[in-house]
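Asker: The chain contents come next:
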Amino acid sequence: MEILTKLEELILLAVWKLKEEAYGVSIYKHLQKVTGQKMSVGSVYFPLDRLVKKRYLKAMKGEPTPRRGGMSKRYYLLTDAGLNILNETKKVNDTMWDGYTALKEKKVRI
Amino acid sequence: MNKGNQKPPVTAKFFLMLLLKRSDHYSYFGDIEEMYNDLAERKGLFQASIWYWSQALKLIPGFIADSIQGSITMFKSYFKTGIRNLLRYKFYSFINIFGFAIGITACILIFLVADYVLSYDSFHEKIDEIYYACREEIVPNGIHVSYVTQLRLIEEILSGYPEVESGTRIYGTYPVVQYKDLKFNTEIAYVDTSFFNIFSFRILKGNPADACKIRNNVIITENIATKFFGDEDPIGKILNVDYDKDFIVGGVIENIPGNSSFDFDILAPFENAWELQEVRRWDSFSSSFLRTFLIIDDPETAEALERKFSSIIEKNLGEDAAKEQRIGLIPFSDYHASRSNDNKYAQALLAMGASVLIIAILNFVNLSTAKSFYRSREIGMRKVLGAVRFQLIKQIILESVIIAVIASLGAVISVGLIVPVLKDFTGLDIMFNPLGSVSNLIYLVIFILTIGIISGLIPALYLSKNRPVESLKGSLKAGDLGITLRNIFVLVQFTFSVILIISSTVIWSQLDYMRNFDIGLDKNNVIALRMSVRDFPETENALMRFETFKNEITQGENIQNASFSMNVPGVNNTTRRTNAVPAGSSKENEITANILVVDEQYFETYRISFFKGRSFAEDYIVDRQGRTIVINKTMYNLIGDSEIIGKSIKVYGNLHEVVGVINDYNFRSLHDEVNPLVFFCGSKNNIYPNHLSIRTDGSNMNEVLKFIQNKWGELFPDKDFEYFFVEERFDSLYDTDQKLGSVSGWFSVISIALASLGLYGLFSFTVVKRTKEVGVRKVLGATVSQVVGTLSGKFVLLILASNIVAWPAAYYIMNKWLQLFAFRMDIDIVHFLVSGSIAFTIAFLTIFLQAARASLSDPVDALRYE
Chain A
1 MEILTKLEEL ILLAVWKLKE EAYGVSIYKH LQKVTGQKMS VGSVYFPLDR
51 LVKKRYLKAM KGEPTPRRGG MSKRYYLLTD AGLNILNETK KVNDTMWDGY
101 TALKEKKVRI
Chain B
111 MNKGNQKPPV TAKFFLMLLL KRSDHYSYFG DIEEMYNDLA ERKGLFQASI
161 WYWSQALKLI PGFIADSIQG SITMFKSYFK TGIRNLLRYK FYSFINIFGF
211 AIGITACILI FLVADYVLSY DSFHEKIDEI YYACREEIVP NGIHVSYVTQ
261 LRLIEEILSG YPEVESGTRI YGTYPVVQYK DLKFNTEIAY VDTSFFNIFS
311 FRILKGNPAD ACKIRNNVII TENIATKFFG DEDPIGKILN VDYDKDFIVG
361 GVIENIPGNS SFDFDILAPF ENAWELQEVR RWDSFSSSFL RTFLIIDDPE
411 TAEALERKFS SIIEKNLGED AAKEQRIGLI PFSDYHASRS NDNKYAQALL
461 AMGASVLIIA ILNFVNLSTA KSFYRSREIG MRKVLGAVRF QLIKQIILES
511 VIIAVIASLG AVISVGLIVP VLKDFTGLDI MFNPLGSVSN LIYLVIFILT
561 IGIISGLIPA LYLSKNRPVE SLKGSLKAGD LGITLRNIFV LVQFTFSVIL
611 IISSTVIWSQ LDYMRNFDIG LDKNNVIALR MSVRDFPETE NALMRFETFK
661 NEITQGENIQ NASFSMNVPG VNNTTRRTNA VPAGSSKENE ITANILVVDE
711 QYFETYRISF FKGRSFAEDY IVDRQGRTIV INKTMYNLIG DSEIIGKSIK
761 VYGNLHEVVG VINDYNFRSL HDEVNPLVFF CGSKNNIYPN HLSIRTDGSN
811 MNEVLKFIQN KWGELFPDKD FEYFFVEERF DSLYDTDQKL GSVSGWFSVI
861 SIALASLGLY GLFSFTVVKR TKEVGVRKVL GATVSQVVGT LSGKFVLLIL
911 ASNIVAWPAA YYIMNKWLQL FAFRMDIDIV HFLVSGSIAF TIAFLTIFLQ
961 AARASLSDPV DALRYE
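Going down the list, the protein sequences come from chains A and B.
Just so we're aligned, residue 1 is where the first sequence starts under my numbering, counting upward by one.
Just so we're aligned, residue 111 is where the second sequence starts under my numbering, counting upward by one.
Because the hints were derived from the structure by calculation, they are not lab data.
Keep in mind it's a predicted model, so treat the numbers as computed, not measured.
A virtual CB, placed ideally from N, CA and C, is assigned to each residue, including glycine.
There's no promise every hint is true.
Each pair of labels, with its calculated beta carbon distance range [as the list claims (entries may be wrong)]:
1. A:Pro64 - B:Phe500: 28 to 34 Å
2. B:Leu197 - A:Ser72: 49 to 55 Å
3. B:Tyr484 - A:Met60: 47 to 53 Å
Computed cross-link-like contacts, EDC-like style, restricted to lysine to aspartate or glutamate with a CA-CA straight-line distance of at most 20 Å [claimed, not checked]:
4. B:Lys743 - B:Glu753
5. B:Lys323 - B:Asp231
6. A:Lys29 - B:Asp148
7. B:Lys433 - B:Glu151
8. A:Lys29 - B:Glu151
9. B:Lys816 - B:Asp828
10. B:Lys168 - A:Asp49
11. B:Lys926 - B:Asp828
12. A:Lys33 - B:Asp148
13. A:Lys38 - B:Glu753
14. A:Lys33 - B:Glu151
Residues from chain B shown here face chain A by an in silico Cβ test under 7 Å; the list is partial [said to hold, decoys possible]:
15. Asn147
16. Lys168
17. Ser895
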């Protein structure tokens, strides 16, 4: 099984959660909300392209709106392979995190 | 979602559009605009715009990485095909690379020389503010400019004219300088304290602030420091000058660059010059003998200053004098150009280098377009596979850059090898060090790339034009469109070559003309020795020993006679000039004449013939007393009095009787007219001889020299024996012309060789292309000569046409060059005919052999391959 990068993993999860509403802006906003991190828009697109290339995601052309300067959206859908890899990743993550309890010690500021 | 719709900044949008060419990023473009609208609603337009811009700018690094990756892949492919093409057509690659290498070599060499000459004195930081004063005198035959000025001119200028910031005098002498046992004649320049504020000579040792300020301190050059002191520290050492004065070495400066107008070994504070006899003697406003340099901040005031300076003349010499002479200011940057023809020669060299480079570039263009026939299939295939025209242009230009780079490597190596030879040949202190500084390297790279791109451009535009279907089918006629262009190029190449050949023949003829010109004296078999009383501590004693030496020498075998004089003819040093007025005549009839001091045997030694009157002779006491003069015929003609013998002329304020008139002789080079001359006799005028000229009969030269040297050793055991042949000195006057002649000769050879090489390549294409035609012609009964005629006819016409273009151009250029000579030959039609036929013969031979081979071949072979 292939090990995804954290960003790829997060993006796949975001697409799964957003269902039919998963396109560039919504994915980006969702990620920003969950992680609380500021990131550049571009940083979402390269992993998205990569995931499409690996066939975990499927891209579909959507409707153009005036708000987008007349350009169409590009929706992403999770493929079966994408679902599979998410399941496997979850399994690995669970195993890895098993038995871990949140540390009580002082937080180390990075 | 469908609320207000704001437009993002146009430039940023355009920018994004540029960066996001790839279609799968199209949605990204929409996303970004949507977010921009969101942000505009929440935080305002300004913030949103900034955000939009930042998004665009963030894309740049990725974009660059992307495009480099893409082009590297293509670059590899182009490079590979380029090299393959080079190897496939070895002969044409050779012509191209060889031609380019020669062209570039020539160009770099010429550039080095021209740069050296044209950058004369430019190492002075204040070059644009430095002016030098000159004296302009209005004389009946025009304005006479002399570059030496009065002793006290600078004091007048600095005290009266605030526009002039500072200034310095420079007075050069050539005395004996002694340190312990070492003695050398050395150039000492006496300068004022502001010398180092004006000129930029770098001080290596010693305190620059004190330079030229402490009275007994001198500054010496590195060369002189090693000559006298070797590895020892020169600071504080004592140098004796002229057996008289001791100086302490206070500093050492860097050696003076070769392209400096000044050349001195030692700098001494000017205060010391006052102790020199001649300086004291010439301390008046009517004597000019030293150079004056000034710093003027604002160059625009220079002209106004020149006018204001007339009051200086008025004050010191009276109102009348102010009408006849003025003080001029000449920018120091023109100093070298105004005193020599070097700049004109440098320009001539640049033109020659450029011609050769153009011929080499045209060779390349010509052959590449002709070669297109063979390559049309490759180009067609590339087009079918989706190459756009721009890509093809890139590819072909890259190929020519590859050739240019290979050729340049060859050129750089050969330049490195040639520079030492060139240094000897030109006597110029040129250097070639492409890796020496970053800027040199950058210039070289830019130069190579430019040549590569320029020469690749025309073939690229032309080749990429072919339509793929035709070129793949093979129905494309080889370079139909290129033919006119190629013919023009051949025309241009041969025009340049013919111009160069004509120039060389004209230059050679002029040199020959000067060599055989009857200059009015016999310069052959005269040995000149440097004998100056200044080199000896005691003047009277030295003069006596000189006389003894001369008497003993003339006893020698094969020696006819000998004479002392101040100057030797053919040496281009400035002889003293003064104004002479015939007695009883008004001041308007004043003539500026050169003064020469000679002894009684001078005219005999040099075999100068008399037009009228007598020579100086020992029987006449008046001669030795300096009361008589001999003049030359130019002077005689200017005076216009046929009964001049026995009359007097006022020279140096005294009347002198004219006893003889000599026929004109060229005492300087044939570049210059013969000036009026006044000869004084003997050494009683406080003007002592500098040279002894010895006339020999020309046989047993070695023994004669040995004899003279032995005598010298007996009488002057502690002096170096310095001699030269007057004839050689005369020849050296034409050194530059001689060098120009041989350089242009070489360039003619190179250019005609390159042009013929190109023609050969081009013609071989024609022959291959027309093989079938030749076969058909022969089958139908054409004779060999007819076929040769058809094949080469067009080229023959081209060469003839190039002659027609070249002749007037060459005439114009050479006529200009000949203006540099006062004595010049006439340009003859023979020069043109000879040069034209040389070019024509070479070109014809180049194509004739191939044409003959093609027409002699069996037509069956030519026709069979269908």
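Asker: All the hints need checking, so say for each whether the structure fits it.
Answerer: Now for the hints, and whether the structure bears them out:
For A:Pro64 and B:Phe500, the hinted distance range of 28 to 34 Å is satisfied, since their beta carbons lie about 32 Å from each other. For B:Leu197 and A:Ser72, the Cβ-Cβ distance of about 52 Å falls inside the hinted range of 49 to 55 Å, so the restraint holds. Against the hinted window of 47 to 53 Å, the Cβ-Cβ separation of B:Tyr484 and A:Met60 comes to about 51 Å, which satisfies the hint. Of the pairs offered as hints, the one joining B:Lys743 and B:Glu753 holds, with about 13 Å between alpha carbons and a cut-off of 20 Å not exceeded.
Using a Cα cut-off of 20 Å, the hinted pair B:Lys323 and B:Asp231 is violated, with the two alpha carbons roughly 24 Å apart. With a CA separation close to 11 Å, the supplied pair A:Lys29 and B:Asp148 stays within the 20 Å bound. Restraint check: the Cα-Cα separation between B:Lys433 and B:Glu151 comes to about 86 Å, which exceeds 20 Å; the hinted pair is violated. This hinted pair checks out: A:Lys29 and B:Glu151 have alpha carbons roughly 16 Å apart, not beyond 20 Å.
Taking the CA atoms of B:Lys816 and B:Asp828, the gap is about 17 Å. The hint holds against a cut of 20 Å. With a C-alpha separation of about 18 Å, the suggested pair B:Lys168 and A:Asp49 falls inside the 20 Å cut-off, and the hint holds. For the given pair, B:Lys926 sits about 51 Å from B:Asp828 by alpha-carbon distance, which is inconsistent with the 20 Å threshold. For a cut-off of 20 Å, the pair hint linking A:Lys33 to B:Asp148 stands: about 15 Å separates their Cα positions.
At roughly 111 Å between alpha-carbon atoms, A:Lys38 and B:Glu753 are farther apart than 20 Å, so this suggested pair is violated. Between A:Lys33 and B:Glu151, the direct Cα distance comes to roughly 19 Å. Compliance with the 20 Å bound is thereby established for this hinted pair. Evaluation of the B:Asn147 hint against chain A yields a held restraint, the C-beta minimum of about 5 Å falling below 7 Å. Checking B:Lys168 against chain A by beta carbon gives a least distance of about 6 Å; that is within 7 Å, so the hint holds.
Given hint, B:Ser895 at the interface with chain A, is violated; its Cβ is 73 Å from that chain's nearest Cβ, farther than 7 Å.
Of the numbered hints listed earlier, those contradicted by the structure are 5, 7, 11, 13 and 17.
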